[in-house]
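Residue numbers (my numbering), protein chains in the order written: chain A, 1412 to 1734; chain B, 370 to 515.
Because the hints were derived from the structure by calculation, they are not lab data.
Predicted model only: the values in this text are computed from it and were never measured.
Glycine included, each C-beta is placed from N, C-alpha and C at the ideal position.
Misleading hints may appear alongside valid ones.
Taking CB as the label site, the calculated pair distances span [what the hints assert, rightly or not]:
{"#": "1", "chain 1": "A", "residue 1": "C1723", "chain 2": "B", "residue 2": "H445", "range": "47 to 57 Å"}
{"#": "2", "chain 1": "B", "residue 1": "R513", "chain 2": "A", "residue 2": "N1638", "range": "32 to 42 Å"}
{"#": "3", "chain 1": "A", "residue 1": "C1723", "chain 2": "B", "residue 2": "Q493", "range": "54 to 64 Å"}
{"#": "4", "chain 1": "A", "residue 1": "M1412", "chain 2": "B", "residue 2": "R513", "range": "56 to 66 Å"}
{"#": "5", "chain 1": "B", "residue 1": "D443", "chain 2": "A", "residue 2": "R1731", "range": "21 to 31 Å"}
{"#": "6", "chain 1": "B", "residue 1": "G502", "chain 2": "A", "residue 2": "Y1557", "range": "38 to 48 Å"}
{"#": "7", "chain 1": "B", "residue 1": "H445", "chain 2": "A", "residue 2": "G1438", "range": "33 to 43 Å"}
The calculated lysine-lysine pairs, modelled on DSBU-like cross-linking and capped at a C-alpha distance of 30 Å, are [what the hints assert, rightly or not]:
{"#": "8", "chain 1": "A", "residue 1": "K1500", "chain 2": "A", "residue 2": "K1712"}
{"#": "9", "chain 1": "A", "residue 1": "K1640", "chain 2": "B", "residue 2": "K408"}
{"#": "10", "chain 1": "B", "residue 1": "K408", "chain 2": "A", "residue 2": "K1615"}
{"#": "11", "chain 1": "A", "residue 1": "K1640", "chain 2": "B", "residue 2": "K514"}
{"#": "12", "chain 1": "B", "residue 1": "K429", "chain 2": "A", "residue 2": "K1633"}
{"#": "13", "chain 1": "B", "residue 1": "K429", "chain 2": "A", "residue 2": "K1640"}
{"#": "14", "chain 1": "B", "residue 1": "K514", "chain 2": "A", "residue 2": "K1646"}
{"#": "15", "chain 1": "B", "residue 1": "K486", "chain 2": "A", "residue 2": "K1615"}
{"#": "16", "chain 1": "B", "residue 1": "K500", "chain 2": "A", "residue 2": "K1596"}
{"#": "17", "chain 1": "B", "residue 1": "K429", "chain 2": "A", "residue 2": "K1646"}
As a plain string of letters, each chain reads:
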Amino acid sequence: MQETMIKRAKELLADGTVSRVIGWKKGEFGYDSTPAVFETAEELDRDFVFDDFTASNVSKYLVKESRKDGKILAFLKPCDTYSFNQLIKEHRVIRENVYIIGIPGGPKLDVEKIKAKGITGILNKKNENYTLKIETLYGTETMMFYEAICGKCQDCKSKKHVIYDELIGEDGDVLDSSRFDMVEKLENMTAQERFDFWREQLSKCIRCNACRNVCPACTCEKCVFDNPKSGIENKAPSDSFEENMFHIIRAFHVAGRCTDCGECSRVCPQNIPLHLLNRKFIKDINELYGEYQAGADLTSKSPLTDYDTNDCEPSIVHERGVE
Amino acid sequence: MQVNNNFEPVIVAFCCNWCSYAGADLSGTNRLNYPTNVKIIRVPCSCRVNPMFILRAFQKGADGVIICGCHPGDCHYTSGNYFTRRRITLLYSMLDFLGIERNRTRLEWVSAAEGAKFAATMQQFTEDVKKLGPNRRLEDLRCRKQ
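Just chain B, same shape as in the assembly (with noise of 0.2 Å):
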């Protein structure tokens, strides 16, 4: 695919309320940077997110999906994110098999005392999609800007 040098991901960021979220707020005290197209969408918990908010963010127009949560045993909630790396690993498998770029889906845990960890992987998966271009093969042509 042709790739745009100017193109400027749309990019979905799923994070938990107790960690990762505090985690993104550390960052930008900390005045680390990352990049603007990250729009953060603020979740009780990483185990919130339905697989359907997932394509529904990819079929309005995002080029990635990441999802961060508490690490493994830290959930606010004991469990939550343990049911989260299940549901999610199947998930992604199944757009893999579907043919969709796996560049595009990633999973991360970002606890409250990761600011630099939180602003270098957006920093990191905004460049990968930066290199896979537009989403085209999830995307719903209606809802294309032009």
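Same shape as in the complex, but just chain A (with noise of 0.2 Å):
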């Protein structure tokens, strides 16, 4: 897949279709592939990879890419198409700029899950029928490929590229996945268990504010966040209530526009799992306003920028489920 990808864009960079190609880069380590911008056939020789751990969304990076002289190539997962897609329903990007090409998703793996077995000095891996070989420093050793898969491709949504100029590999179908699950056990909770649960995960915010950054729906110039008038910029919370103003905030102002791309909880250096309150969002709105999937297409209107004149009242959060 890697080399059908350099391939690939090599050819737009050499007939000038593209001139630059976002994409992934080799880090240190054979995990801690990064985003990155290439311009030449040489670079990407180098240092271009694509394998099962570059699993960031790239979408974001596009916003100011696009603005760019000249076109650039993005290689974009079914997840990163929401995104990518949902940026331009918002004038984010400028889709004429951008040359999508849409590559097979995961399921991606996480490394945390592989150090967390108690394998250290990974230096490579194996996928054989569904068992993991990784040979590290201290020897070659296994464990099963499903228990290292990242968090967000468990609950994978979509194989679908909802947008793209050409496709590497074959089209997926939209899954119907269970990734309500959770959510929906935390509301079968009363509201003691789920506040307990909520003060375990919040308290361990630092506040490094990752989740923000990486987030591809996150794209304001001036954040609610760096305003110096708040309080609370640029400090890490001192007190439970502004790690719960920080979530509560950071998860409404995605709602409606959140793909459910899974990055915030993928980049938490806490593991966090922030993803349950954007789900959280989504669920209500599927459940209240009709079955809604951000990025799913340019046309539709988000549903906290409409309404309807037979909409439920807020009090049936109030009837519904466990006091």
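Please dock the two separately framed chains into a single complex, following the hints provided.
Okay, here's the thing in structure tokens:
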């Protein structure tokens, strides 16, 4: 797959269709690939990588990259195409300046889950019959493939590319995933249990802002969390209220626009299940205002910028579920 | 939680300028009583209430927050309260999801002619919040008054 992508990228660079390529670059180790922009064929040969660890979503980089001179080639996985579509809808990217090649999605691996098994010094890995063979500095280790799958790929919502100029590989289908199971489980807890659950999770927050910075829906030029008058800018939370507020507002600002790409939880250094907050909003919107998938198309109105005169009253949320 | 019988909650009421604020005024001119716990904040439209306002109210010591606006269809700005309705529904649902007591938050439509409804709503809401006791789950300890 990686060779096919490099070959196609070189062709497009050579015939002048694009002047740059955005993809993933090899890191120091085999698992820490980062998004990067390539300008020449030599750079592509040397650094371009596409493997089980290239889970990051490059759509957000296109906000600025699509405004530079010349066209850019972007490799987008199915989940990334949803984010890209949503950005087009919000007029954040210039579609004409991006050449999109749809590539197959995951499941991607989460290196933290491999490390959690006590496997360190990872050099290389191979997938054989659902078993992961990992070469390390200290010999070869094995673990089940599914145990190492990244959280966002476990609950994959779609293998379908919603936007592309060409495809490498086959297009998939929208999956009927069980992604709301955990939200439902929480909803069936008592208020005290829910409160305890979220206190335990959110109190880990160090306000690194990684979830905000990586989110493809968070593209405001000025952010409420950077407002020097808010009293909460650029500082670690010093009270449970600040933790709650940051996470409620962060999730609320992308409600109705969140495509559920799962990047927030993937990047969280404290492993807070942030996607559950976003999914709660998605689930509520689906239940109360009709099924809606952000980024699935370019024409539908976002639920929070739209209304119906027969909408339910807010008291409905106080009547259902467990107190 | 141990409920202190002398507990007097602080209630913040966001009232829209065109209906609910006039409704509050009418309940006053009609000499109807509503609890002094209620602190009214006038907003141009219920749609002006940013979710941050609600959280800030809780941070600064409110025990309950109620939003009042024109009845759906009667908004001075035609459609403001329809947006309020969706937005606030989702926010209240999220607060509930995080385990904040449900009776601390409410939304009520009060027109300029409903002075009696305003007084009754505020009495009822104050009663409900009184039963819950002080806001402990969404408070900022640095703001607590001893």
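Against the structure, the hints come out as follows:
1. A/C1723 with B/H445: 47 to 57 Å: Check failed, 23 Å falls outside 47 to 57 Å.
2. B/R513 with A/N1638: 32 to 42 Å: Check failed, 24 Å falls outside 32 to 42 Å.
3. A/C1723 with B/Q493: 54 to 64 Å: violated (21 Å)
4. A/M1412 with B/R513: 56 to 66 Å: Holds, since A/M1412 and B/R513 (Cβ atoms, about 58 Å apart) stay within the stated range.
5. B/D443 with A/R1731: 21 to 31 Å: Because 27 Å falls inside the window, the suggested range holds.
6. B/G502 with A/Y1557: 38 to 48 Å: At 47 Å between Cβs, range holds.
7. B/H445 with A/G1438: 33 to 43 Å: Given about 57 Å between the Cβ atoms, the range is violated.
8. A/K1500 with A/K1712: holds (9 Å)
9. A/K1640 with B/K408: holds (24 Å)
10. B/K408 with A/K1615: Given pair B/K408, A/K1615 is violated - Cα atoms ~35 Å apart, limit 30 Å.
11. A/K1640 with B/K514: Measuring from Cα to Cα gives roughly 23 Å; hence the hint holds.
12. B/K429 with A/K1633: Distance of about 25 Å is within 30 Å: holds.
13. B/K429 with A/K1640: Answer holds: B/K429 to A/K1640 is near 16 Å, not above 30 Å.
14. B/K514 with A/K1646: holds (24 Å)
15. B/K486 with A/K1615: violated (44 Å)
16. B/K500 with A/K1596: It holds: about 28 Å lies between the C-alpha atoms, which stays within 30 Å.
17. B/K429 with A/K1646: holds (19 Å)
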